[in-house]
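Please put together the full structure from these sequences, using the hints given.
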Amino acid sequence: MERNLTWHNMDIDRTLREQQMGQNACTIWMSGLSGAGKSTIANALEKRLYAMGKKTMLLDGDNVRMGLNSNLGFSDEDRIENIRRIAEVAKLMNDAGLIVITAFISPYRQDRRNAKKIIGEGFREVYVSTSIAECEKRDVKGLYKAAREGKIAHFTGITSPYEVPEHPDVAVDTAEMDVEACVDHILNRLGCLL
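Under this note's numbering, the first residue of the sequence shown is numbered 1310, with each subsequent residue one higher.
Any given hint could turn out to be false.
As the list claims (entries may be wrong) - Pair ranges (Cβ atoms, derived):
no.	residue 1	residue 2	range
1	1484	1394	27 to 33 angstroms
2	1317	1460	46 to 52 angstroms
3	1475	1429	15 to 21 angstroms
4	1401	1455	30 to 36 angstroms
5	1362	1475	32 to 38 angstroms
6	1441	1319	45 to 51 angstroms
7	1405	1312	22 to 28 angstroms
8	1312	1423	15 to 21 angstroms
If you're looking for bench data, these hints aren't it; they were derived computationally from the structure.
Cβ atoms here follow ideal geometry from the backbone N, Cα and C, with glycine treated the same way.
Right, here's the structure in full:
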C-alpha cells in the first residue's frame, strides 16, 4: 500500500492547550483482570478530577468495544488492535489537553509497552490487582463461570493469560482497599503530574 502522507504541525499545540486548561495532559492506563474494579475506580477517579476542575475523558473497555472497536473480537490479533486503537485515541485526546483515564484489561505487557510508545511521556500505568477468586465473586455477568464451562474462548485469567505489569507507576489491590482509598492512592502517587 502506497502511503503519501505528511504530518502537519499546527499552531495551536498540546502545550498551549495545557496552558489554557491549567493542567498537564496524561493518560492514566488502568489494567487488570475482568472484575478487578478498573471501571469502578476509573469512574470515581474521573469524578474526583472533575470536582477539582480538571478536563478529563474516560475510555472504558466495554464502551469502546460497542463503538470504535465493535468490529474486533477477542483473538490475540484483535486484542492487540484494540489496545493500539485505544492508545491512538488517548494520544489524540492528550494532544487536545485532556487527562485520559482508560479502563481496559490490556492483558499483554507488549501491548501496554506499545501503548506507552504511542502515548509518550504522559503514559501512567495503574495496575488494578485482585485475585481471580475475588473477581469471580464479583462477576455479576457470569463470565468466569461461562469461561470455565468452555462457553467463552480467550477469556483472560481462565483460558488466556494476564501478564502482570512489571513496574507500574501505581498498583492498587481492590481486595484490600475500597474505591475511595484506591483513588486517594492514585492521586497521591500521580497528583503532581496532573
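Worksheet item: Which earlier hints turn out false for this structure, listed by number in ascending order?
Response: none
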